[in-house]
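Listed below are the residues making up each chain.
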Amino acid sequence: MRRVSKDQKTRIALTLNGRKLAAEAEPRMLLSDFLRHGLGLTGTHVGCEHGVCGCCTVLIDGVAQRSCLTLAVQAEGREVRTVESLAGADGKLNALQQAFRNNHALQCGFCTPGILMSFTDFLARNPHPSEAEIREVLSGHLCRCTGYAGIVAAIKEASSPKQVGIMYLTSTQSDRREPFSA
Amino acid sequence: MKPRPFDYVRPDTVEEAIALLAEYGDDARILAGGQSLVPMLNLRLIETRVLIDISRVAELDVIGDRGNLIEVGAAVTQNKLMAWPQLKQKLPLVAAALPFVGHFQTRNKGTVCGSVAHADPSSELPLVLAVLGGEVVLRSQQRGTRVLAAEAFQQDMLTTARAADELITAVRFPVIEGKGVAFNEVARRHGDFAIVAIAAVADARGAAQLGVGGLSGRPVVRAIDGDAAAAVAAWAEELEGYEDLHASAALRRDLVKNLAPDVIAEAIEKCAA
Chain C
1 MRRVSKDQKT RIALTLNGRK LAAEAEPRML LSDFLRHGLG LTGTHVGCEH
51 GVCGCCTVLI DGVAQRSCLT LAVQAEGREV RTVESLAGAD GKLNALQQAF
101 RNNHALQCGF CTPGILMSFT DFLARNPHPS EAEIREVLSG HLCRCTGYAG
151 IVAAIKEASS PKQVGIMYLT STQSDRREPF SA
Chain D
1 MKPRPFDYVR PDTVEEAIAL LAEYGDDARI LAGGQSLVPM LNLRLIETRV
51 LIDISRVAEL DVIGDRGNLI EVGAAVTQNK LMAWPQLKQK LPLVAAALPF
101 VGHFQTRNKG TVCGSVAHAD PSSELPLVLA VLGGEVVLRS QQRGTRVLAA
151 EAFQQDMLTT ARAADELITA VRFPVIEGKG VAFNEVARRH GDFAIVAIAA
201 VADARGAAQL GVGGLSGRPV VRAIDGDAAA AVAAWAEELE GYEDLHASAA
251 LRRDLVKNLA PDVIAEAIEK CAA
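Top line first, the protein sequences correspond to chains C and D.
Taking my numbering, the leading residue of the first sequence gets 1, the next gets one more, and so forth.
Taking my numbering, the leading residue of the second sequence gets 1, the next gets one more, and so forth.
To be clear, the hints were calculated from the coordinates, so they are not data collected in a lab.
No incorrect hints appear here.
Straight-line C-alpha distance at most 25 Å; calculated PhoX-like pairs for lysine-lysine:
(1) LYS2(D) <-> LYS9(C)
(2) LYS2(D) <-> LYS6(C)
(3) LYS179(D) <-> LYS257(D)
(4) LYS270(D) <-> LYS88(D)
(5) LYS179(D) <-> LYS270(D)
(6) LYS92(C) <-> LYS156(C)
Stretches of chain C that chain D covers, calculated by requiring three or more beta carbons in the stretch to come under 8 Å of a beta carbon on chain D:
(7) 1-10
(8) 15-29
(9) 45-51
(10) 64-71
(11) 131-139
Computed from a predicted structure; not experimentally measured.
Glycine is no exception: its CB is placed at the ideal position from the N, C-alpha and C atoms.
Given only the sequences and the hints, what does the whole structure look like? Please build it.
Dropping the structure here:
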């Protein structure tokens, strides 16, 4: 049984984008803040902080979740992936990111990290989604500048048959996600 | 927007969890998926002295097929139940309602029991549990296991019969055979809380159990036979409804009057098919 008292800063170790890391946090520290302030990865954006806007979405053991509705201590021992893991070490965009660029699926880019992480999970479960399925998943995100048409087009491009092999390469071995069923 | 400080405890077993509840009672909150609780903590609508995180209790992360009922443990997420291979066959009404519950991203973490525990009056899963005549399984150190009918469990808006030292360990959905089911709701946007939600179970003759969420403090169920439109209209007036930011009581009644007969008709049609 793990116990942390309210004012106690405890060491939280997790795997972040394939690297084992640790930092200190109080129990009330949200994972979103822990990633940004504790571990210094600011790609995960913080919008509404109550689970509505979706821009803080990250993968925990392969499953897309709101990092603002997860305590840092809950991610202890887990494998967390953020938007920083998507591009190659040389900065080359992955297929999903490139499709966003190709289709003008972002303007200010604030909501983009969360959307990319949601669809990294979703497309691994359901590699050829219908437009209705894409829109259903996208309904868990708010974009306030480009609108959603470009985003839908980008995800359709990324999930076209020739791209699927590339998408699979980004999924991890420790995934706990369920197969998708509509 | 950060929660007020709280002690965090993560038990590994149900025994440990109920021992903690016996110790802290009202001073503790149970954290399962956190998709309703953590927003309320972040917004400081609530505060708690102790947060008991049951999300890693393996014995609660189980979907049990008991033949005439399906028992869903307190750590089972909504998407896990949605992906359960027998769901459409065994619990078609749950299968019809789950896509309306939040979003893909929140269903990944939000639990079935958590939704029942939170007891929002327009929430889909408590409504489905009530219409099917399901049960809630509670455990405490002092009284052992207690099983309550859904109707007895949810008392009013965000209010349940759970005692302060009790843990909801599971909910039980009865398997209904030889009947048709249907579900629909009206919400401002897909994934939002419903303004009204309707669920129906009907036989081939046309007799239906109709459940309505969003017209009173908890889901309500009534047997409807014969002229559905007239029966629904009379019931909606009787229930009155309530007003909030999203809809007046009159709009809620109108939505139920328009939506419910169609949902009943769909359930009857599915029974025939």
